[in-house]
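Modelling step: build the complete structure from the supplied sequences, incorporating the hints.
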Amino acid sequence: MTTFQEAQYAIKFGGFTNDQLTSLSEAIRYARAELGREVKRGLDIGDNVTFTSSRTGRDVTGHVTKIAVKYVTVRTVDGLWKVPANMLTVI
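Quick note: the sequence shown uses this note's numbering, first residue 1, plus one each step.
It cannot be assumed that every hint is accurate.
Unchecked claim - Keeping only pairs whose Cα atoms sit at most 30 Å apart, straight-line, the calculated DSSO-like set for lysine-lysine is:
| hint | residue 1 | residue 2 |
| --- | --- | --- |
| 1 | Lys70 | Lys40 |
| 2 | Lys70 | Lys82 |
| 3 | Lys40 | Lys82 |
| 4 | Lys66 | Lys40 |
| 5 | Lys82 | Lys66 |
Stated by the list, open to error - Here are the simulated distance ranges between beta carbons:
| hint | residue 1 | residue 2 | range |
| --- | --- | --- | --- |
| 6 | Gly15 | His63 | 37 to 43 Å |
| 7 | Phe4 | Val90 | 23 to 29 Å |
| 8 | Asp59 | Ser23 | 33 to 39 Å |
| 9 | Val77 | Glu6 | 39 to 45 Å |
The hints are simulated quantities; they were obtained by calculation from the structure and are not laboratory data. Owing to the predicted nature of the structure, the values given are computational and were not obtained by experimental measurement. Even for Gly, the Cβ is constructed at its ideal location relative to N, Cα and C.
Here's what the structure looks like:
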């Protein structure tokens, strides 16, 4: 078993208290936000990016038109998408 699988198993069946699970949840939320900030620092308007649509499950490609506090606006052939930065991959 890998470390991730061990951690996942421990969370599911480890008998953690509510406070411990809340602490884990906050740590995950922080890590996700930090990942988004890191991606935004590496983005510039006009960059080509890709992401997986949560609506359709397909990969979508477009270019960055705006970088806001919470979302990055991406222009695609289907229109404008507001996407969380941690979902984007620069291509």
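To see whether the hints hold, each was checked on the structure:
no.	hint	verdict
1	Lys70 <-> Lys40	10 Å, holds
2	Lys70 <-> Lys82	9 Å, holds
3	Lys40 <-> Lys82	13 Å, holds
4	Lys66 <-> Lys40	11 Å, holds
5	Lys82 <-> Lys66	9 Å, holds
6	Gly15 <-> His63: 37 to 43 Å	48 Å, violated
7	Phe4 <-> Val90: 23 to 29 Å	25 Å, holds
8	Asp59 <-> Ser23: 33 to 39 Å	34 Å, holds
9	Val77 <-> Glu6: 39 to 45 Å	43 Å, holds
Checked against the numbered hints above, the structure breaks only hint 6 and satisfies the rest.
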